[in-house]
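Since each chain sits alone in its own frame, please combine them into the complex, following the hints.
Below, each chain spelled out in residue letters.
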Amino acid sequence: MSVRAKFERIHEMVRKEFRQIFRDARMRGVLFVAPLLQLIAFGYAVSTDVRDAATFVIDSDQTPASRELVDTFTASGYFRVVGRSQRPTDLVRALDRGDAVLGLVIPVDFERDVQSGRPTKVQLLFDGTDSNVATVAQGYAGRIVQSWAARRVPQRMPPGVDLRSRAWFNPNLESRTYNVPAVIGAILTLICLVLTSLAIVREREIGTLEQLMVSPLTPGELILGKTIPFALIGLADLGLITAVALLWFHIPYKGSVVLLLLASVLYILSALGVGLFISTISRTQQEAFMSAFLFFMPTLLLSGFMFPVTSMPAVFQWLTLINPVRHYMEIVRALFLKGAGLEALWRQFLALFLMGIGILWLAAERFRRRAGS
Amino acid sequence: MPADPLLRVEGLTRKFGDLTAVAGVSFEVGRGELFGLVGPDGAGKTTTLRMLAGVLRPTSGDALMEGISMARDPERAKPRLAYMSQRFGLYADLTVAENLRFYADLHLVPRAERAARLERLYRFSNLGPFKDRLAGKLSGGMKQKLGLSCALIHQPELLLLDEPTFGVDPVSRRDLWLIVHEMVEQGVTAVVSTAYMDEAERFDRLALLHQGRVLALDTPSALQKGLEGEILELRTDRVREAREAASRLPAVRRAAIFGDRLHLTVPSASADGPAVEAALRQAGFAPREARPIPPSLEDVFIERIAAAEAA
Chain H
1 MSVRAKFERI
11 HEMVRKEFRQ
21 IFRDARMRGV
31 LFVAPLLQLI
41 AFGYAVSTDV
51 RDAATFVIDS
61 DQTPASRELV
71 DTFTASGYFR
81 VVGRSQRPTD
91 LVRALDRGDA
101 VLGLVIPVDF
111 ERDVQSGRPT
121 KVQLLFDGTD
131 SNVATVAQGY
141 AGRIVQSWAA
151 RRVPQRMPPG
161 VDLRSRAWFN
171 PNLESRTYNV
181 PAVIGAILTL
191 ICLVLTSLAI
201 VREREIGTLE
211 QLMVSPLTPG
221 ELILGKTIPF
231 ALIGLADLGL
241 ITAVALLWFH
251 IPYKGSVVLL
261 LLASVLYILS
271 ALGVGLFIST
281 ISRTQQEAFM
291 SAFLFFMPTL
301 LLSGFMFPVT
311 SMPAVFQWLT
321 LINPVRHYME
331 IVRALFLKGA
341 GLEALWRQFL
351 ALFLMGIGIL
361 WLAAERFRRR
371 AGS
Chain V
1001 MPADPLLRVE
1011 GLTRKFGDLT
1021 AVAGVSFEVG
1031 RGELFGLVGP
1041 DGAGKTTTLR
1051 MLAGVLRPTS
1061 GDALMEGISM
1071 ARDPERAKPR
1081 LAYMSQRFGL
1091 YADLTVAENL
1101 RFYADLHLVP
1111 RAERAARLER
1121 LYRFSNLGPF
1131 KDRLAGKLSG
1141 GMKQKLGLSC
1151 ALIHQPELLL
1161 LDEPTFGVDP
1171 VSRRDLWLIV
1181 HEMVEQGVTA
1191 VVSTAYMDEA
1201 ERFDRLALLH
1211 QGRVLALDTP
1221 SALQKGLEGE
1231 ILELRTDRVR
1241 EAREAASRLP
1251 AVRRAAIFGD
1261 RLHLTVPSAS
1271 ADGPAVEAAL
1281 RQAGFAPREA
1291 RPIPPSLEDV
1301 FIERIAAAEA
1311 A
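Chains H and V, in that order, give the protein sequences.
Per this note's numbering, residue 1 is the first one in the first sequence, and the count goes up by one each step.
Per this note's numbering, residue 1001 is the first one in the second sequence, and the count goes up by one each step.
No wet-lab data here; the hints were simulated from the structure.
Some hints here could point you the wrong way.
Unchecked claim - Okay, derived cross-link-like pairs now, DSS-like style, lysine-lysine, Cα gap no bigger than 30 Å in a straight line: (1) Lys1015(V) with Lys6(H); (2) Lys16(H) with Lys6(H); (3) Lys1137(V) with Lys16(H); (4) Lys1131(V) with Lys16(H); (5) Lys338(H) with Lys254(H).
Looking at chain V on its own, in the form it has when it is part of the complex (with noise of 0.2 Å):
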């Protein structure tokens, strides 16, 4: 728990009809904390985000900025935040520095203060030479780029992202990281969500979203060492067929496929490993480079998940 949270949330709950996107949830967020939801497609956290930024109603609950409601009087915070869907809207017949004058603009940026931000975001974002260029004509990665820049034009407190690296290559996506990890080396809070689990262990501290609810609510390390029982990875032949078969052996909690690996937990590798070795071989799956390896966040998330489908 943060002890001076900047942005609390409150029982945040959305319905679309019958479909409860958000169902009750509840974090804080410090001052200067990197944050994340993370969860498969469909979790919530679009409708999250949305609702902090002031965009949504809930339908119940609430988030407060410094004891802004969102949900109430959205217009007191949204100049002391910048929030970026997952596209964000750009002006594709307007250059890229139209469309941060624009943006600048809007939220009154002082001339004199302009250059020296606007020089700051290309430097950090490598748009300044595409200065000229139509915002349409970019590039996946370098639109998000635009987007996120355009987003923190006017300095914000709270920046809310959602999944800024969805679908951009590898090098857009790390200048996106570089740009939020600057941020709030610089004092700012963010909120990212994302839907890529490699992307979890860089948060401070991660909510995991699961059908509008917090499975679990902690800082990665934590989470890594919650994780009941260990992980045993292993080679085999045939590996779907090997997790069913593995799946069903009495020590094995959960069997998972990780590429061309199973990832089985266990209570105890170095106790359990043996027996569930001889097992597969003896069904014909040729297990091999057993050895059992730290839980990776993803192995947590798929275990968070898993139980919870389960109850």
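Isolated chain H, as found in the complex (with noise of 0.2 Å):
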């Protein structure tokens, strides 16, 4: 046969393809809205950080001092006063009922210890439900409350060892800079691994794929014809995330852009071929939906997306390594944040290469028997 009519035969699939996809309003809201709700929900709503914390004080002092104290507090932009009381209880039932997430007890003569520089103690109390911002609210407050100290306790010493933190490439520590990249790697798993196996068993389900299958049509031409126009519209979601990441969110981008392309290609080889994979166990669009998903959860929980990598269990960090997405995600974040270059990053490459060519092509290979069976 000859390589123009096959060529020309790709052609024409992957025009219906298309046509199919642009046709569907559904599919076009998947294609294009879907990525920019991830992006606002990203850049906007899921955020780590602590920002004006609820904190209910009990200032039991009332003192210039202790009100410097909670002036130092609410300053710093990440505490905001919901409340004031002398009585502790009034604290409990504000953390009961969710009112306030911290809360701050000064203690009687707190101004005259500090003045006369006896030791004295200041109480945090955090509601540890949301285990994540007491985590951060609690180290925010204990640095205030030390700096606040620093200035106003007479230093009768000078400490031994001095601790000055400094975050590389991520210097303020913002949630969304760290996020708002990792949305390319959730889009294109989306776009070419769930779509992809929806596409293939929705052609088995009404029963074209029968037909396609007595045509000219050989079985890797008609992967390719299924394939390539989601792998297309997953690279133009990358653009339009990262344009979308670059000049609205003004996420920096320090690396190279032709590895971040490189990567998006090595990386939709892999998502592919699981959605190829899916196909063929798949009979119905309801079960490729299912398998898709049972796919989707645990690689995107066990790819460092939301929770690092380095804080799960020794297994599951193993298991990590052979999950495509988290390679693909410390690639664009290394991209976006370090602008890391292919000397620190050729391991992450080679595994997406090899894991890619791997999936797809056992996938093409079972796609290929179960079409002739």
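Laid out in structure tokens, this is it:
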């Protein structure tokens, strides 16, 4: 069979696919509105930063010093006073009802003790149900109290070790900077894995797959015809998300554009492979969706997308090594935030390349074999 | 036996786990012949056709299209054949014209010929006025006609149709048969399956399939002539009970219900008729309008299937 004919059939298949995709209003929404919604969610709503944490103050001292300490808290921008009282029971109620996530308790004689250089205590109470906010707020509160104390309490001896920490790559430790680039990984997975498997199974469901099998279209051409459109749309979404991240959210991009594109293409191979595989084990779109979801959730959770790989148990850390999403996320973040090059990222690139080729090959073989049975 | 067969089916067998859907089916189809696969649901018609189309690998046996093995080398035969499954897969979200164009594209129908072929198919199918309608919005019969048109766009030599008239309204059904006959007249070879016995008379030759086996293979008229005995048709009261009673009579080899009538297979309608009638009258079934009739294909099939099940 001539290469020209092959190319032409794939071309017609891709054209038909695009025609169907863009005719479907819901599909258009999934492809172009969903990425923007995810970006808005991760850019604005989902944040592990603590800002304006609701704070309840029990100031039993009522002195200039105690008021200054409270002012330091609010001036930092991390805390916002939502109530004051003298009675500890009010604090308990505020924490119970969720009105406050943090309680600041200043004891009687606070100012006197501070001025006379006697040791004194300030108590912080946290609502630990949201462990993430509690941990972060605790860190901020601790630093505020320490710096305030350093200014107010006369130093009797210089500290032996002075800890100065600085965050590289993301100096303000903003979670948006960390999360927005990762949306690329989630969206590419959605499009290339979930939508591809659905598109193939749909043809099986409505009976067109069998017609295609009788046509001169070979299984290989069919696979290409079904996967190329979603790969292209995935890359278009990559551009869309990157543009919004840079221009709207002002996320810094320090790396090479070519590497981002290369990593995305390699990652798309894996995602398409899994999508193709799912299409071979599913008879209906519903089954395909369930299988895709079953795959999608754990791979995303074990990718470092939201929960850092380094804080997982060792077994799970090993598991993440065979998760293409993990490698892709690492590359994307490193490119955006660190501007890292191939010398630092070659392992991830190699992993993506091997997994992409391997998964796609296995899935295509399985698809071919099933085609004739 | 056709002298110059286009298709030679040899011991075609397909198993699904423990179930044998098709068990050693053999027949030949001559060039330009309209060949029927007739049988009740579950007889193995669809499985046979799918193997002939090269979309299902046989467990054993083979089908050869001019020597090309459908089991080993289906890709070579595929461009020359068309297969229309029971529910032809149409893209519901594409229009009639887009569906046709897509299949034309896949088969690389030359642009120069395309317009003329489409024009002809529109004329046959009466789908011309609905060119721009989404395929999903067509009626069942029109969908089936569109499916057939899509299957014919590349002018196949061999047409494999799986119950094309199943669940289709009478008008579309007639249209579909018109298209098939037109194609056969132009030299296309067609293998068509049906569960409707009344359609069996349209075929040049047919194979009666039952439980994956060929029970009979011949022209419709030869099959009708081959029936041993004669058919006595009569009307009775309580037709079900009458059938029971009639089948116990020594002269009656087979008794079957056709609507409100009984068809009784007897050695000779003129010799055995009066005795059978008398016996039924005595049993209180009031037989009337008894007359010998030429056996229909349906009689032949029921006879053959019953004989096979008894064996």
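Which of the numbered hints above does this structure break? The structure conflicts with hint 1 only, although it agrees with all the remaining ones.
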